[in-house]
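What follows is each chain in one-letter form.
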Amino acid sequence: MALLELTNVHTYYGQIHALKGISLTVDQGEIVTLIGSNGAGKSTTLRTISGLLTPRQGQVTLAGRRIDRVPPHTIVNLGISQSPEGRRIFPRLTVLENLEMGAYIHSTHSPEFRADLDRVMTLFPRLRERVKQKGGTLSGGEQQMLAIGRALMARPKVLLLDEPSMGLAPVIVEQIFDIIKDINQQGTTILLVEQNALMALAIAHRGYVLQSGKIVLEDTAASLQSNEMVQKAYLGLD
Amino acid sequence: MVVQATTGSGHLVGQRSIKTILLEIFGPLLQVLMFVLGSATILSLIVILFAFVLRGSRTDIDLLQGTLIILPQVIIDGMVRGFLFATIALGYTMVYGVLEFINFAHGEIFMVGAFVGAGFGLSLAQQRMLADFPPLLFVVLAILLGMIVSGVLAMLTERIAYRPLRNAPRLVPLISAIGMSLFLQDLVRMIALATGMGFNVRFQTPPLGGSLPLGQIPIGGDRFASFSIDSRALIFIVAAIIMLIGLNYLINVTRLGKAIRAVAQDRATASLMGINVNRIIALTFLIGGALGGAAGVLFGIRVGTINPYVGFLPGLKAFTAAVLGGIGNITGAMVGGIVLGFLEAFVASYLSLFTRGQFAGANYADIAAFSILILILIFRPSGLLGEATTQKV
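Protein chains in written order, with this note's numbering: chain A, 1 to 238; chain B, 1001 to 1393.
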């Protein structure tokens, strides 16, 4: 059984039909990527999974349990946490306070909290240096690290990452993607949404290609990399 | 070795020192104190300067002496007004922080607090227990009762009148708030009349003692002006400071306080952290309402008589104070309240003195307060301590 499964999900923004029957699965231990251009519905898919949006039709299950009518703050408790699009860190909370918010569902007095904090600081040593700084004063790369670190603090079974490469210098993107791979090897299942298909397919096991709210292609990352259509549309190869 | 090293560093970042916590609690308070001293000093200098300049225009009295004699009392009055506005303004600013809308019913939440306190005094009086009731205990109990009733009422207001409109256009909840304000005024009026309290209700208290002499200042020659603080004013200031300390602890140190700040900064992302946003918003109304209720009780004790419409003007002024400090900013609300309170006290006391009574100052104090609102909105919409993100009212 898949850890996370979407079956024929339809999500609307008011009258706008944003997801037109998305079905996908993410298995335990995988990195699965959703690639596609702007407005294809990638972020909408993640927002539907994390409960910020409620699908009008179809279902979302986590380890067999339906979660598509569950509010977002409960979904975190069930084991899904998200690093949202645009990072969305709390600008006037310090780095430490941001991480504490990530661990909101756990006690911050427990030894586990300190262990989680230490794990995040080890993955992102830069955050340790900035621990007392306000989130809003961090650079874009640091904010992305904080957003991922904050999501990890909830000890998720499935980590949703929305465009971690957006607006970052290539060298920083490489660093962050290396860390994403490490996180996965430490046992966290990852669903990665990316416009940067090249980077995403390099670390993912499997991938889905989204176009105007529909999945048009699904395959292993290796096959997608060599797929002609993917190469033309998303990898910039002729 | 490695394990030890990592847990060691985890400890370092995971736990706050007592010093940091104290700084988080008293830092904003020091800022408020600075504004108290600053406002008092600047305004005093201005009136003394005026007195010097206008000295020749009066032959009947020595204007400078007259100015100095009432100065200490004006400063105390300014502090009382300042803390009144500050405690009410906190309710506006906290709600604005999490919902980005002005809860115009907050003045009425304040008024209900005053009525609860007055009702408590009245029922003790009917039992013939009031005169012998320990004064300090009376004040504490009245404040607690006012806080509970007003806090719960504010929470109910949110549940009934605002939450169903959460996703409606911005003006809709605003109108709903104004409606709630009118509704509460008339509801309290109806209850007060039906229970025989009457329209104008006397706020009965056990004897709270007279004035505490504070000292004397020389006013030229061998004459001295003695000044004192009214016990009711003292109660007001002390209670307000205790509440501000409590609020700073709650907001800056506790997990719930951080959750309130997180919700204020980004509601959707806060829900992704596992924060139940609706519960936090309800909690914000509870805290803001409780502060308003406490302010209402203190106000009632200070002024002695209340009616169902006493919430309107202080509410509007506290809103001005919140805007003055930068709406959404908690320290800003306190600072804005203090500055506005001092300004009003000075205008109320000195305007008639300087104009030979042609402008009765007390009436013009309102003009001063609301001129500030207009000036701030035009020239510095983000307020004295405003955050860069301040937006849309």
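Think of the hints as simulated: they come from the structure by calculation, not from any bench. Treat each hint with caution, since some may be false.
Claimed, not checked - Partial pick of chain B residues on the chain A-facing surface, computed with a CB cut under 7 Å:
1) L1045
2) L1272
3) M1273
4) N1276
Said to hold, decoys possible - Taking lysine to aspartate or glutamate pairs in the EDC-like style, the calculated list, with each CA pair at most 20 Å apart, reads:
5) K132(A) to E85(A)
6) K214(A) to E5(A)
7) K214(A) to E97(A)
8) K214(A) to E228(A)
9) K134(A) to E97(A)
10) K157(A) to E174(A)
11) K134(A) to D1060(B)
12) K1019(B) to E97(A)
13) K157(A) to E30(A)
14) K132(A) to E1024(B)
15) K134(A) to D1366(B)
16) K20(A) to E228(A)
As the list claims (entries may be wrong) - Restraint ranges, calculated between C-beta atoms of paired labels, are given here:
17) D1186(B) to Q15(A): 40 to 46 Å
18) I1178(B) to S139(A): 41 to 47 Å
19) G136(A) to V1303(B): 29 to 35 Å
20) P71(A) to L1023(B): 32 to 38 Å
21) P1218(B) to G136(A): 49 to 55 Å
22) K214(A) to L1023(B): 28 to 34 Å
Note that the Cβ used here is the ideal one computed from N, Cα and C, for glycine as well.
Hint check:
Given hint, L1045(B) at the interface with chain A, is violated; its Cβ is 35 Å from that chain's nearest Cβ, farther than 7 Å. For L1272(B), the suggested interface contact is upheld, since its CB lies about 5 Å from the closest CB of chain A, less than 7 Å. Given hint, M1273(B) at the interface with chain A, holds; its Cβ is 5 Å from that chain's nearest Cβ, closer than 7 Å. The interface hint given for N1276(B) holds, since its Cβ lies 5 Å from the closest Cβ of chain A, which is under the 7 Å cut-off.
As the CA atoms of K132(A) and E85(A) are separated by approximately 24 Å, the hinted pair breaks the 20 Å bound. Distance hint between K214(A) and E5(A) is fulfilled; the C-alpha atoms sit about 16 Å from each other, no more than 20 Å. Between the alpha carbons of K214(A) and E97(A) the distance comes to roughly 38 Å, so the proposed pair goes past 20 Å and is violated. Restraint check for K214(A) and E228(A): the C-alpha separation of about 19 Å stays at or below 20 Å, so the hint holds.
Distance restraint check for K134(A) and E97(A): the Cα-Cα separation of roughly 9 Å lies within the 20 Å cut-off, and the hinted pair is therefore satisfied. A threshold of 20 Å between alpha carbons decides the hint, and for K157(A) with E174(A) the separation of about 24 Å lies outside it, so the pair is violated. Annotation: proposed proximity of K134(A) to D1060(B) is violated, straight-line Cα distance about 60 Å (limit 20 Å). The suggested pairing of K1019(B) with E97(A) holds, with an alpha-carbon distance near 17 Å, which does not exceed 20 Å.
For the suggested pair K157(A) and E30(A), the alpha carbons sit about 11 Å apart, so the restraint of at most 20 Å is met. The straight-line distance between the Cα atoms of K132(A) and E1024(B) is roughly 13 Å, inside the 20 Å bound, and the hint therefore holds. Simply put, K134(A) and D1366(B) have alpha-carbon atoms about 39 Å apart, too far for the 20 Å limit, and the pair is violated. For a cut-off of 20 Å, the pair hint linking K20(A) to E228(A) is broken: about 25 Å separates their Cα positions.
Look at D1186(B) against Q15(A): about 41 Å separates their beta carbons, and that is inside 40 to 46 Å. For the hinted restraint 41 to 47 Å between I1178(B) and S139(A), the CB-CB distance of approximately 45 Å keeps it satisfied. Roughly 43 Å separates the CB atoms of G136(A) and V1303(B), a value that falls outside the hinted 29 to 35 Å. Against the hinted window of 32 to 38 Å, the Cβ-Cβ separation of P71(A) and L1023(B) comes to about 36 Å, which satisfies the hint.
Range check, P1218(B) to G136(A): about 52 Å between beta-carbon atoms, so the 49 to 55 Å window is met. Taking 28 to 34 Å as the suggested C-beta distance range, the pair K214(A) and L1023(B) does not conform, at roughly 54 Å.
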